[in-house]
Every structure is written in structure tokens, then in C-alpha cells.
Amino acid sequence: MMEHKNNRGQMEAFGLAIIVILIIIGFFFFVSFKAQSIKDAPQYQKEYVDEQAPQKFVIAFTKLTVKECDTYRNKQDIEYLIHDCATVQQVKCGAKTSCELVNETAQYILGATFIPQNRALLFKIDGMGNKSISISTLGCIDGPTRSKSRAGTSFVTLYPYPGQATITLTFCTQ
Amino acid sequence: MNKKNLRKKGQLQMGETIAIVIIVVLIIIFSIVFWGKVKKGDIQQVGSEQAELSVVEVSKLLNEMPELNCYQSGVQEVECVDLYKILALNATMNNDTTKNMTFDYYRNYFRTSRITFKQIYPTNISFVIYDNNISNSSSRQLYMPVLIKDSVKNTYNFGVIIVDGYYREIR
Chain D
1 MMEHKNNRGQ
11 MEAFGLAIIV
21 ILIIIGFFFF
31 VSFKAQSIKD
41 APQYQKEYVD
51 EQAPQKFVIA
61 FTKLTVKECD
71 TYRNKQDIEY
81 LIHDCATVQQ
91 VKCGAKTSCE
101 LVNETAQYIL
111 GATFIPQNRA
121 LLFKIDGMGN
131 KSISISTLGC
141 IDGPTRSKSR
151 AGTSFVTLYP
161 YPGQATITLT
171 FCTQ
Chain A
1 MNKKNLRKKG
11 QLQMGETIAI
21 VIIVVLIIIF
31 SIVFWGKVKK
41 GDIQQVGSEQ
51 AELSVVEVSK
61 LLNEMPELNC
71 YQSGVQEVEC
81 VDLYKILALN
91 ATMNNDTTKN
101 MTFDYYRNYF
111 RTSRITFKQI
121 YPTNISFVIY
131 DNNISNSSSR
141 QLYMPVLIKD
151 SVKNTYNFGV
161 IIVDGYYREI
171 R
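Just so you know, the protein sequences line up as chains D and A, in that order.
Just so you know, we're using our numbering here: the first sequence kicks off at 1 and counts up by one.
Just so you know, we're using our numbering here: the second sequence kicks off at 1 and counts up by one.
Quick caveat, the hints were computed from the structure, so don't treat them as lab data.
None of these values were measured; they are calculated from a predicted model.
Fair warning: there could be bad hints in the mix.
Unchecked claim - For lysine to aspartate or glutamate, the following EDC-like pairs were computed, each having C-alpha atoms within a straight-line distance of at most 16 Å:
| id | chain 1 | residue 1 | chain 2 | residue 2 |
| --- | --- | --- | --- | --- |
| 1 | A | 153 | D | 51 |
| 2 | D | 46 | A | 77 |
| 3 | A | 60 | D | 47 |
| 4 | D | 67 | D | 51 |
| 5 | D | 63 | D | 47 |
| 6 | D | 46 | A | 49 |
| 7 | A | 85 | A | 57 |
| 8 | D | 124 | D | 79 |
| 9 | D | 63 | A | 64 |
| 10 | D | 46 | A | 164 |
| 11 | A | 60 | D | 51 |
| 12 | A | 60 | A | 42 |
| 13 | D | 63 | A | 49 |
| 14 | D | 67 | A | 64 |
To be verified - Covered stretches of chain A (in silico footprint by chain D; criterion: 3 or more residues with CB under 8 Å from a CB of chain D, positions within the stretch not fixed):
| id | segment |
| --- | --- |
| 15 | 5–18 |
| 16 | 45–59 |
| 17 | 86–98 |
| 18 | 148–158 |
Note that the Cβ used here is the ideal one computed from N, Cα and C, for glycine as well.
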């Protein structure tokens, strides 16, 4: 009789242990699913900015009127200066050449916009021979190490000379 | 003796039942509190997502407003806002006679946000064209480059549109 009671007690304890284990497992699954869903939550604003800002920057930069050349003929924009820098290099505004002006303006604008926000970026103007420009921050460099990057590109034709200059701004997301 | 034993056994079983009821009640209370916290987190997340979407929507809307865009021979210029249109809107928003009407009209589009056009190059100037800052709110900021056209000087300046979206957080 005593042994029978002991067996019953053991079974009850065993059942209780199983219930506790099941509750703990359920809780663990719930918490891990919840954590995953928080981690995977969409970041609409970041996605939108990363996708749109580089292209908008490049378009605005290309059309920009350079203040030093405000009186130079009718064409005083970056597009014209890139064309000149990549071809004949005749334009001078004050004491500065077209290549210097493009470089300085790019440095100034990036320094007033995305660089203070600690963005990993790579700004490049290719197709200007040895005068090509490259500005990079926070280790955002060209090559296979770059991951999940978003870029905006604009082209400047060098007509009547052959080729084109390519302006690219890339945001790196490490 | 037998009666005493039976009473003791009954008391023991009653104690057992009370203990189980207390444990079950505690588990239920704990579950309700936990579920409430989880739901609150979900609602906060949805609120935050809505705020993000709202800021993005306002930013997209700004690119498509004829009262701000640049035109050359009737053709819209890409990623460009007219400096004089910004100045005009800023003046209308700050004029005592037109302020309320203009604010009511743009509230349908910009809701609880603050829109600033900041010219960065060649000079630093800022214009707030709309401000509906609600009290006790958090904000989300969106920053987008834009070309600002000075139609009088016929020059293009570099600027940014800053959209601050305000929203109330659930505490």
C-alpha cells in the first residue's frame, strides 16, 4: 500500500516536471521568434534614403553652378568643368583650374552633407585621365570587400572628344 | 486515531489544492503581464513604422509639387526646386492674413512634420516652409540632396530637404 502511494507521488512529480519543461520550451521559442521578428523589422526610411540619396546627390552635384566661375561665359556648372578637366584643361576661375574646382567643390559639399553623418561612402569621378577624383570615408573602398552598397551614377559626355566621365557616389553598409 | 488521520489527510489535500490554485493564478498573472508587454512592443513597432512611412511619403510628395519644382520652357527639371517658390511659400506661411489658410491646406499633405530647405552651397541659408510640431512627441529626420535654382541669377545651388516627422510614442 505504502509502495503504491510512493509510485503515485513519483508520477505526479514527473508530470509536473514535464509541464514545467514544456512551458520553458514554449517560452524559449516565443522569445526567439519575437527577437527574430524585431531583428527583421523593415527599415523603410533607411532603405529609402540609401536608395535615393546617392542618385539625387550626383544629379544635383553635376548641375551645380560653381561660385568661383559665376561670371564665366554661360556654362559654369560642374558638368562643364568636368568636361574641361577631362579634355583641354583651359578653364580657370580666379587662380584655380577646372580640375581643382571640381575636387574642391566635391570635398566641400560632401563635408557639409554626408561626411558629418558618419556615412561610409565612396565618391568617384572616373574618365578624367590622371585627374580622376576619389573620396572615401570609413573604409568604403572599391573592390570585393564592399558589401550591400547603393550607388548613384551620372555621366558627362566629352563630345567632341571621345569617351565620357562617370560620377558615382556609393553608400557602403558594412 | 483513524478519524484524526483522515482529518490530517484532508487538511493536507486542501493545502495542496490551495497551493496549486495560487501557482496557477500566479502563472496566469505573469502570462497576462508578459503578453501585455509583448503587445505594447508590437504597437510601438507599428507606430514607428508608420512614422517612417509618413516621413518617406512627405519626402516623395515634395518632389512632385509644382509649387516648388523648377521648370525650363514648361518642362520640369529633375531633382530641382525653385528658390523663389520656396521664398514665396515661406512668406505665405508667415503672413498673418494667409497663414491659417495655407497651413490648413498643407496640413492635409505634410501632417505633423517640419519641412526645411537648407542651401549648403555656395552659401548657407535655411528656410522652413512648414512646421507642425506636436508636443510630447518623438521625431524622425529624413535628409535628401536637392538642386536649388536661382531663376534671377540663373544659377543652380546645392541644398538639402530636411523632413522632420513628429509622432507620439506609446509609453
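- Query: Hints broken by the structure, by number, lowest first?
  - Reply: 1, 2, 4, 5, 7, 9, 12, 13, 14, 15 and 17
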